[in-house]
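J.: Hey, can you work out the whole structure from these sequences and the hints?
Numbering (full-length UniProt numbering) for the first sequence: 1 to 271.
Derived from the structure by calculation, the hints contain no laboratory data.
Mixed in with the good hints, there may be bad ones.
Unchecked claim - What follows is a list of derived Cβ distance ranges for each label pair:
{"#": "1", "residue 1": "T233", "residue 2": "D165", "range": "17 to 27 Å"}
{"#": "2", "residue 1": "K197", "residue 2": "S88", "range": "27 to 37 Å"}
{"#": "3", "residue 1": "T97", "residue 2": "P226", "range": "35 to 45 Å"}
{"#": "4", "residue 1": "R116", "residue 2": "M211", "range": "36 to 46 Å"}
To be verified - Restricting the straight-line Cα-Cα distance to at most 30 Å, the calculated cross-link-like pairs of lysine-lysine (DSSO-like) are:
{"#": "5", "residue 1": "K186", "residue 2": "K90"}
{"#": "6", "residue 1": "K186", "residue 2": "K197"}
{"#": "7", "residue 1": "K90", "residue 2": "K197"}
{"#": "8", "residue 1": "K197", "residue 2": "K95"}
In this text, a Cβ means the ideal position worked out from N, Cα and C, and glycines have one as well.
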Amino acid sequence: MMQPGHGMAPPTMGQQPPQQYQQPPPQQPYVMMQPQQPPAMWAAQSAQPPQQPASADEVRTLWIGDLQYWMDENYLYTCFGNTGELTSVKVIRNKQTSQSEGYGFIEFNTRATAERVLQTYNGTIMPNGGQNYRLNWATFSAGERSSRQDDGPDHTIFVGDLAADVTDYLLQETFRARYNSVKGAKVVIDRLTGRSKGYGFVRFADEGEQMRAMTEMQGVLCSTRPMRIGPATNKNPAATTQPKGCQEALSSRSLELISAEMVTILVHVLA
DNA sequence: CATGAGCGG
Numbered sequence: 001m002m003q004p005g006h007g008m009a010p011p012t013m014g015q016q017p018p019q020q021y022q023q024p025p026p027q028q029p030y031v032m033m034q035p036q037q038p039p040a041m042w043a044a045q046s047a048q049p050p051q052q053p054a055s056a057d058e059v060r061t062l063w064i065g066d067l068q069y070w071m072d073e074n075y076l077y078t079c080f081g082n083t084g085e086l087t088s089v090k091v092i093r094n095k096q097t098s099q100s101e102g103y104g105f106i107e108f109n110t111r112a113t114a115e116r117v118l119q120t121y122n123g124t125i126m127p128n129g130g131q132n133y134r135l136n137w138a139t140f141s142a143g144e145r146s147s148r149q150d151d152g153p154d155h156t157i158f159v160g161d162l163a164a165d166v167t168d169y170l171l172q173e174t175f176r177a178r179y180n181s182v183k184g185a186k187v188v189i190d191r192l193t194g195r196s197k198g199y200g201f202v203r204f205a206d207e208g209e210q211m212r213a214m215t216e217m218q219g220v221l222c223s224t225r226p227m228r229i230g231p232a233t234n235k236n237p238a239a240t241t242q243p244k245g246c247q248e249a250l251s252s253r254s255l256e257l258i259s260a261e262m263v264t265i266l267v268h269v270l271a
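T.: The following block contains the structure:
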């Protein structure tokens, strides 16, 4: 539902937002923005809904992330109200502190409008924010998050020392120029400031290209700075085979410190 | 220097 008036005063931290959104947006302040570049989404999974949920006939809600703390429902209404088909906006907040969790949902009259907004806004700059919109189809709370991975496992590298102006798109294209299996790139954004944290991730479909890039791209310029490449800690363990059963579990790293006594107990239990 | 935001009602 639309709930104006929940706007929080921005926290007292160095950077104040240039404006608060306590008033409904003016009549026609914003024009539909044309993308300056192809959508700078993480992954190519932006344009498609994850999967048609069994029950719903059409998904008309978008998930929006990378919100700064002061970006409330009124702000979202200001951003998307000009479509004339915005039916609800919501910012998810912490129940105790009421502080924004940095994401929300925007729902439209029709799926077509939602799709148009996704295609048109994604990767373009947010008003007053400085960072790009990060939009995707909303999923249902049941949340089978893992089935989102389209085609096989990801091979991801960490990229540090990024200049402040490096975007998802630039990072992606810097690698795509040399490696055609690049699936996407993501620059990590600081929620407090909306600015780059100076590091990010690049995903490859091909493991060989990932490994080549680890050495070949070391020190290569992206924007104005040489990149530092490192291995990415695996956030997606589903891509690799997981240990199953007792034998593998006992040899896995988490159980290496198991004591002799515990092994004895285990043996008794299993006997 | 540094290892991602992560789906409500």
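J.: Take the hints in turn and mark each one as holding or not.
T.: Hint check results:
no. : hint                    : result
1   : T233 x D165: 17 to 27 Å : holds (26 Å)
2   : K197 x S88: 27 to 37 Å  : holds (31 Å)
3   : T97 x P226: 35 to 45 Å  : holds (40 Å)
4   : R116 x M211: 36 to 46 Å : holds (40 Å)
5   : K186 x K90              : holds (25 Å)
6   : K186 x K197             : holds (11 Å)
7   : K90 x K197              : holds (26 Å)
8   : K197 x K95              : holds (27 Å)
Violated hints: none; the structure is consistent with every hint.
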